[in-house]
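Q: Chains as they are written, first to last, in our numbering: chain A, 1 to 272; chain B, 1 to 272.
Careful: at least some of the hints might be erroneous.
Copies of the same chain look alike in the list, so a pair counts if it works inside one copy or between any two.
[Said to hold, decoys possible] Listed below are the simulated BS3-like cross-link pairs for lysine-lysine, each with C-alpha atoms no more than 25 Å apart in a straight line: (1) 138 with 110; (2) 159 with 85; (3) 25 with 38; (4) 182 with 79; (5) 138 with 163; (6) 10 with 92; (7) 64 with 79; (8) 79 with 159; (9) 32 with 10; (10) 28 with 85.
Hints listed in this document are in silico derivations from the structure and should not be mistaken for laboratory results. Keep in mind that this is a model prediction, so the values were computed, not measured.
Number of protein chains: 2
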Amino acid sequence: MENTVANAEKYFGQFCTLMASYARKTAKLRDKSDLLVKQLIDYANTENPELRSTMKNFAEELAKVQDYRQAEVERLEMKVVEPLKRYGVQLKQTQAEIKRFNKVRNNEIKQLEKLERLRQKSPSDRHTLSQAESNVHKASVDASRTTQQLEETIDEFQKQKLKDIQKIFSDFVTIEMVFHAKALEVYSSAFQNLDNYDFERDMEDFRAKIHIASGNYDARPMSATHPSSTLPWSANSQSVRSTLQRQEDSEEDSEENIVQDFSNPEYAQIRR
Amino acid sequence: MENTVANAEKYFGQFCTLMASYARKTAKLRDKSDLLVKQLIDYANTENPELRSTMKNFAEELAKVQDYRQAEVERLEMKVVEPLKRYGVQLKQTQAEIKRFNKVRNNEIKQLEKLERLRQKSPSDRHTLSQAESNVHKASVDASRTTQQLEETIDEFQKQKLKDIQKIFSDFVTIEMVFHAKALEVYSSAFQNLDNYDFERDMEDFRAKIHIASGNYDARPMSATHPSSTLPWSANSQSVRSTLQRQEDSEEDSEENIVQDFSNPEYAQIRR
Numbered sequence: 001m002e003n004t005v006a007n008a009e010k011y012f013g014q015f016c017t018l019m020a021s022y023a024r025k026t027a028k029l030r031d032k033s034d035l036l037v038k039q040l041i042d043y044a045n046t047e048n049p050e051l052r053s054t055m056k057n058f059a060e061e062l063a064k065v066q067d068y069r070q071a072e073v074e075r076l077e078m079k080v081v082e083p084l085k086r087y088g089v090q091l092k093q094t095q096a097e098i099k100r101f102n103k104v105r106n107n108e109i110k111q112l113e114k115l116e117r118l119r120q121k122s123p124s125d126r127h128t129l130s131q132a133e134s135n136v137h138k139a140s141v142d143a144s145r146t147t148q149q150l151e152e153t154i155d156e157f158q159k160q161k162l163k164d165i166q167k168i169f170s171d172f173v174t175i176e177m178v179f180h181a182k183a184l185e186v187y188s189s190a191f192q193n194l195d196n197y198d199f200e201r202d203m204e205d206f207r208a209k210i211h212i213a214s215g216n217y218d219a220r221p222m223s224a225t226h227p228s229s230t231l232p233w234s235a236n237s238q239s240v241r242s243t244l245q246r247q248e249d250s251e252e253d254s255e256e257n258i259v260q261d262f263s264n265p266e267y268a269q270i271r272r
Numbered sequence: 001m002e003n004t005v006a007n008a009e010k011y012f013g014q015f016c017t018l019m020a021s022y023a024r025k026t027a028k029l030r031d032k033s034d035l036l037v038k039q040l041i042d043y044a045n046t047e048n049p050e051l052r053s054t055m056k057n058f059a060e061e062l063a064k065v066q067d068y069r070q071a072e073v074e075r076l077e078m079k080v081v082e083p084l085k086r087y088g089v090q091l092k093q094t095q096a097e098i099k100r101f102n103k104v105r106n107n108e109i110k111q112l113e114k115l116e117r118l119r120q121k122s123p124s125d126r127h128t129l130s131q132a133e134s135n136v137h138k139a140s141v142d143a144s145r146t147t148q149q150l151e152e153t154i155d156e157f158q159k160q161k162l163k164d165i166q167k168i169f170s171d172f173v174t175i176e177m178v179f180h181a182k183a184l185e186v187y188s189s190a191f192q193n194l195d196n197y198d199f200e201r202d203m204e205d206f207r208a209k210i211h212i213a214s215g216n217y218d219a220r221p222m223s224a225t226h227p228s229s230t231l232p233w234s235a236n237s238q239s240v241r242s243t244l245q246r247q248e249d250s251e252e253d254s255e256e257n258i259v260q261d262f263s264n265p266e267y268a269q270i271r272r
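If we strip away everything but chain A, and leave its shape as in the complex, we get (with noise of 0.2 Å):
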């Protein structure tokens, strides 16, 4: 019984800190992937309307697989690491209960050897043999009642133990389904959005913007393929300037950008 107890104790307490490790490590799990999120949606800000609507899409379907995640860790907290700490101080009962029963126990025996040394030594005196055997008595009725608590006590464990078990990795199975699960029909509906990605448009977009920014600049050769152009050289090289400002200036604005979309409610609704 007292093997059982503490066979128990010592598997128990394994599966306590093992589970508590699961779930620090799926927390950890979420806040790389919460890392990954905040740059996507970043990187989304620097592209182009047909990616970034893709990329901030996906940022967001990632994001909710990590609140997903964090209600498994909440829930593995709650329903599995707690149960098996309680279970543990439940334990902890029991074995100070066996502990009592051993001293009841041993209190018989050594009444018992008692009245055999009496009976060995004095089997004459009567009256301390009586008085022995009196002790004993009390002590075999003590120890059979405390036999009968600790039986109860013993049941009673293993029932609780056995229905502790079968609940306890129940609800963690349950817990990793619900997770599964959801992240399965989260992913799905990401995989969808990333194949709905318009590739071609997106080029075009691209090529459409290289084309403006290439056309300014090809102007400028083109005139200086032409040495009796009339226009002023210093022109050409103030358009450069301004290009290059222009440049510099639609980098402010694409940096504005970012900062207001970090700032958006959007990007706030899918943080935790």
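Knowing the structure of chain A, use the given hints to seat chain B on it.
A: For chain B alone, kept in the frame of chain A given last:
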């Protein structure tokens, strides 16, 4: 253009780092689960047949999930982290091309400025001016050709980037979907297994054992309540000792069983 590439370098570098980190954290979660599987089997071997079979079954299902997690980690490294790394190499090549273009372009500007200065200083030196104009013309032709090359490079770069983004993140989502679907499947079976656990049968087993143990034990206190018994007390003490001895023997047996079960092929089979 330069900015587009620098931007891609920045974010793709971060994606690569984060995805590698995500894979590593997943591997750590697998390691913790592997430890849990080991402890569950250890524990199962100390329990009654009914719970032993349930726990072993559960441990095996949990081990299966870890096998799928291992496949997830390997796929993430192969289809997400590695392509992101390769993409980093491509980026470096594009950056080198842009650097080369800037050099040619700067040369054109330098030639233009030189011509401008000559026009201001010595507007009548036809020979030197003609030479400078010819240099500008040559530099312009070079720049124009390089611009075209660069436009092609940038177009190719953008096309590749957009395709890579879609491919890499779609692969990420697919890998995750496969893992979650498999985990869901295995945990559904694990749930059924835990649900089928026959608690009552296990308690009957346990009570029968307790009854045998306490039956042996109760025999002694009962005779102790009859001091007139002719049985020598020492014999009873002997029975206590032999009961304890049997307990120790059975402990040794169960210890042996654990060692046996650890070395059996069923156990080895579910380990990687």
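Q: It remains to establish, for every hint, whether it holds in the given structure.
A: Right, here's what the structure says about each hint:
1. For the homomeric pair residue 138 and residue 110, the shortest alpha-carbon distance inside one copy (12 Å) is at most 25 Å, but the shortest distance between copies (115 Å) is not.
2. When the C-alpha separation of residue 159 and residue 85 is checked against a cutoff of 25 Å, the pair qualifies only within one copy, where the shortest distance is 18 Å, while the shortest distance between copies is 56 Å.
3. With identical chains, the CA atoms of residue 25 and residue 38 are at most 25 Å apart both within one copy (20 Å) and between copies (18 Å).
4. When the C-alpha separation of residue 182 and residue 79 is checked against a cutoff of 25 Å, the pair qualifies both within a copy, at 19 Å, and between copies, at 23 Å.
5. In this homomeric assembly, residue 138 and residue 163 never come within 25 Å of each other (Cα to Cα): the closest approach is 37 Å inside a single copy and 88 Å across copies.
6. With identical chains, the CA atoms of residue 10 and residue 92 are at most 25 Å apart within one copy only, with a shortest distance of 12 Å there and 56 Å across copies.
7. With identical chains, the CA atoms of residue 64 and residue 79 are at most 25 Å apart both within one copy (22 Å) and between copies (23 Å).
8. Within a single copy, residue 79 and residue 159 get their C-alpha atoms as close as 19 Å, which meets the 25 Å cut-off; across copies the closest is 49 Å, which misses it.
9. Proximity of residue 32 and residue 10 under a CA criterion of 25 Å is satisfied inter-copy only: 18 Å between copies versus 33 Å inside one chain copy.
10. Proximity of residue 28 to residue 85 under the C-alpha cut-off of 25 Å is found in both arrangements, the shortest distances being 22 Å within a copy and 23 Å between copies.
The structure is inconsistent with hint 5 alone, although it conforms to all the rest.
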